[in-house]
Amino acid sequence: MEKNIIEIKNLKVRYENIQALNNATLNVRKGECVTIVGANGAGKSSLLKAVMGFNKTDEGNIIFNNQNIENLPTYKRAALGISFVPEGARVFPKINVLGNLLLGAYKEKDKEKIIERLDYIYSLFPRLKEREKQLAGTLSGGERQMLAMARALMGKPLLLMMDEISLGLMPKLVDMVFEVVEELHKSGITILLSEQNAHKAAEVADRIYILELGKITKETDKEGLLNDPYIKKAYLGK
Amino acid sequence: MLLQQIINGLTIGGIYALIAMGLALVYGILRIIHVAHAGVYVVGAYIGLYTFLITHSFVLAALASMAVGSLFGVAVQKFVYLPLLKHSPIISLIASIGVFIATQEGVRLIFGPYIKSFPSGIFDAQYHIGGIIITQSQLVVLVFSVLAISAIWFVTEKTKFGLALKAVSQDMDMAESVAIDSKKLMFLAFAFGSAFAGLAGLLVGSYFNSVYPAMGDVPAYKSLAIIVVGGMSNIWGAFWASIFIGVLETLSIGVFNIPLPRDSLAFIFMVFVLMFKPEGIMGLFKRN
Numbered sequence: 001m002e003k004n005i006i007e008i009k010n011l012k013v014r015y016e017n018i019q020a021l022n023n024a025t026l027n028v029r030k031g032e033c034v035t036i037v038g039a040n041g042a043g044k045s046s047l048l049k050a051v052m053g054f055n056k057t058d059e060g061n062i063i064f065n066n067q068n069i070e071n072l073p074t075y076k077r078a079a080l081g082i083s084f085v086p087e088g089a090r091v092f093p094k095i096n097v098l099g100n101l102l103l104g105a106y107k108e109k110d111k112e113k114i115i116e117r118l119d120y121i122y123s124l125f126p127r128l129k130e131r132e133k134q135l136a137g138t139l140s141g142g143e144r145q146m147l148a149m150a151r152a153l154m155g156k157p158l159l160l161m162m163d164e165i166s167l168g169l170m171p172k173l174v175d176m177v178f179e180v181v182e183e184l185h186k187s188g189i190t191i192l193l194s195e196q197n198a199h200k201a202a203e204v205a206d207r208i209y210i211l212e213l214g215k216i217t218k219e220t221d222k223e224g225l226l227n228d229p230y231i232k233k234a235y236l237g238k
Numbered sequence: 001m002l003l004q005q006i007i008n009g010l011t012i013g014g015i016y017a018l019i020a021m022g023l024a025l026v027y028g029i030l031r032i033i034h035v036a037h038a039g040v041y042v043v044g045a046y047i048g049l050y051t052f053l054i055t056h057s058f059v060l061a062a063l064a065s066m067a068v069g070s071l072f073g074v075a076v077q078k079f080v081y082l083p084l085l086k087h088s089p090i091i092s093l094i095a096s097i098g099v100f101i102a103t104q105e106g107v108r109l110i111f112g113p114y115i116k117s118f119p120s121g122i123f124d125a126q127y128h129i130g131g132i133i134i135t136q137s138q139l140v141v142l143v144f145s146v147l148a149i150s151a152i153w154f155v156t157e158k159t160k161f162g163l164a165l166k167a168v169s170q171d172m173d174m175a176e177s178v179a180i181d182s183k184k185l186m187f188l189a190f191a192f193g194s195a196f197a198g199l200a201g202l203l204v205g206s207y208f209n210s211v212y213p214a215m216g217d218v219p220a221y222k223s224l225a226i227i228v229v230g231g232m233s234n235i236w237g238a239f240w241a242s243i244f245i246g247v248l249e250t251l252s253i254g255v256f257n258i259p260l261p262r263d264s265l266a267f268i269f270m271v272f273v274l275m276f277k278p279e280g281i282m283g284l285f286k287r288n
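Chains as they are written, first to last, in the working numbering: chain A, 1 to 238; chain B, 1 to 288.
One or more of the hints may lead you astray.
[Said to hold, decoys possible] Covered, in the sense of this in silico footprint (three residues per stretch, anywhere, with C-beta under 8 Å from a C-beta of chain B), are these stretches of chain A: (1) 50 to 62; (2) 77 to 88; (3) 163 to 176.
[Stated by the list, open to error] List of simulated lysine to any residue pairs, SDA-like, C-alpha gap at most 20 Å: (4) Lys-109/A x Ser-182/B; (5) Lys-3/A x Ala-39/A; (6) Lys-129/A x Asp-119/A; (7) Lys-9/A x Leu-213/A; (8) Lys-113/A x Tyr-207/B; (9) Lys-133/A x Lys-160/B; (10) Lys-94/A x Met-232/B.
Derived by calculation from the structure, the hints in this document are not laboratory data. These numbers were taken from a predicted model, which means no experiment stands behind them. Note that the Cβ used here is the ideal one computed from N, Cα and C, for glycine as well.
Excised from the complex, chain B in its bound form (with noise of 0.2 Å):
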């Protein structure tokens, strides 16, 4: 039982973790709480679904969703936050949201007020290894954030990109200085990340196997739960602090039966941590 909600924890950790590495990349980067990354992750679910449904194909529609999630990433940078960027930071929030909301009140235009599914029987295979049981939408959904995440660590840890980014984000001025392109790098970093938030969206969408307007509402306020208790821009804190919350979670409802809304755990979890590590799990210097 045990093991069981570890697993099913780890499942959902990654899904958290898709999301909120991207928000802290971004969040490290332009030092704006990106909302509508939420956006970003319903455009990906459903562009996910319909390629899935036209293909047939899991790995295309991953493909799809990555790609048209980066591409709307971009857009929000380049026409929302950069003519932003001279005022403070509190407009670029407000005009985030106004993006979130926007994209959600758009896609139920298009796509319709209710929810939409995968063919039924796609993914209901069940795999018994000792005790444990898992699903074949559970394995997918793992074996793409293993592979997402990793090409994350790839890129961010193995890569002159990956060193140029860290570079940007604890000084611009002094990046420029050694020859970085800040500007395209911010580009790039928006179309990494978001192809990310794409990808999560996909992922959760076959997970539970429905697709819907609002289901950016939770992840738009929960991802920014997870990046505080991760030390806001370090995206290795978001993603141990993502892991950390999906077992979390699972664990409380699905083992010591707490009765809180699941949603709120991480919240409860963010105000533990701001009260005895404000600079995150992970954060290595206290920020001011």
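One chain only, chain A, in its complex shape (with noise of 0.2 Å):
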């Protein structure tokens, strides 16, 4: 078994008086899909931002490549290999495609790196290619969460964390997107994907955990995802 990439562990975050996590347990391996299921409000989007930094965290670890990482700033996680793309893509509006994904690649020196990985990003996203030169924030929503995840795989991270990806997207610009999750799957990408949609999280995932009100209430497979009475009642509408 590969070892884990990332291990949560009994993590609670408070929002003054909303418990929005409460002891939540989980663990990623190197290679692995995890996605995280839950109704909106479940503490999906608040877990994420914890590992990624930006919610401080009450109690519990973070152990990220065998590294306690709860302490440390946003910007040193990234650092060490986390990238995020976070609900609704949040590029940076004023700055050029090609802009965005260079500060995917901040840390890097080496250009020829840069360029790789430039080629690969292109390969994945051909429509960036031909928006090079636009400012992000004149981009439609699909091409907006295009150069979101672009921009987070410009790192070449150790851990991909995705939050919501589908949410907002047409149908057909959803099977998009995780046709790309599925292709970054396959070469090894280390994934952990929030996701409300059940249906898409099972397609992609090795592993799902269930997140209920700040918990994690089930961990399970795809085939479990979906023969599990409770599961296709609450979350695939049967």
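From these two lone chains plus the hints, build me the complex, please.
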């Protein structure tokens, strides 16, 4: 069995009176694609933001690549190899597509490697090559989502975290985005995904965690997700 | 006459640009109206003057103004703005006004309340080109402004640091998520922007041959009008607004004889811009 890239133990996050995460525990092994499925407000985004360092954690540990990171600032976590695609893409709107991509490889000093990564990104997302000089704020929603994913990949992450990447996209674009996720998974990138769309989660994930009211209530695999009567009723509408 | 006034306007506009571009840079990153930037300008003028009196080198005076301006700006950021970041921006604005007043009063206590001048005759030469007269002091201002603005252009548009500055000013969390150390970058941005405010102090001091404690009063509020016209955090908006306002002031007074106080024109233009293009002349996206 591959070693853990990330281990989250008994994580607690609180926003004033709301307990967003309550003893959340999960792990992702090298090369895996793990999805966190939960309803709106279950704490999926809070969990990913806590791993990235956007949210302060009250208790618990985050161990990334055998190192405790819960007290590190965000930029140091990113430098260790965690990339994050937030909900709503959040590209840098007044910087062009190429600039956004170069920012993704901010820590890389070797120009050859940056060019190699750009070539790889453009092979995954040819549309971005066409839009290279365009300001990111003028892209369509789908293109922005592609750019956010591409920017995260430019850092050559050890762990790629993506938050609700299908949210607000047309069905055709959702399929395209998940095809890319599948391709990334096949290429060996370790992925932690949060998703409301349980069907899509089942398509790409090796393992799935169900998050409810800030707690991990179930860990299952693809078949388990699709055959569990409770999950079918709660998340698949069957 | 018209061309002469345009040259005069460009000279003034270049100085405005050196102050306003730094202010826009700081606003873009911290979202703070950095009134104390004009205090950096005053300190830069005095440091430059005294360095010149000791060394007789304008280049050394310019470097000293920039270095001390940088240090002063960084000190304001570290000891005043950073501790106040968690509070409303109004608190930082009030603190900034306080720092500006304290700086002017500090300068008054140390150097005295009277106007200080550069030695007579150092920049008195005049150059006649066609029908235009360019004074040596004007030439010094133009050359240093062009060099400084070219340096700002190169750093902000052609370097990784410039790209990171833009990223931090647009979304600090996301900038950190691509491994940019935003605190270090803020520190560097203050150092960079303040260096040019210090230089502007020296240039104005030499151009008008007077350095005095209250010389920051007009730049303190006029540079705010300029960055509003330019689109607040847009440093190239601030540049074009500075040039435009510099030329507008000179033409209005020198050619069209408009009977208005020179320093009111920037504000009249600001009101005009806010009415018809509130995002500023180069604002790409409308402000919320």
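Cross-check of the supplied hints:
1. 50 to 62: With 3 residues closer than 8 Å to chain B, the segment 50 to 62 of chain A meets the three-residue bar; holds.
2. 77 to 88: Holds, because 5 residues of the segment 77 to 88 of chain A bring their Cβ atoms closer than 8 Å to Cβ atoms of chain B.
3. 163 to 176: With 0 residues in contact (Cβ-Cβ under 8 Å with chain B), the coverage given for the segment 163 to 176 of chain A is violated.
4. Lys-109/A x Ser-182/B: Holds. Lys-109/A to Ser-182/B sits at ~19 Å (cutoff 20 Å).
5. Lys-3/A x Ala-39/A: violated (29 Å)
6. Lys-129/A x Asp-119/A: Holds: Lys-129/A and Asp-119/A sit about 9 Å apart, inside 20 Å.
7. Lys-9/A x Leu-213/A: Since the Cα atoms of Lys-9/A and Leu-213/A sit roughly 17 Å apart, the hinted pair holds (cutoff 20 Å).
8. Lys-113/A x Tyr-207/B: Violated: Lys-113/A and Tyr-207/B sit about 50 Å apart, past 20 Å.
9. Lys-133/A x Lys-160/B: Distance ~17 Å between Lys-133/A and Lys-160/B Cα, so the pair holds.
10. Lys-94/A x Met-232/B: This hinted pair holds, its Cα atoms lying about 14 Å apart.
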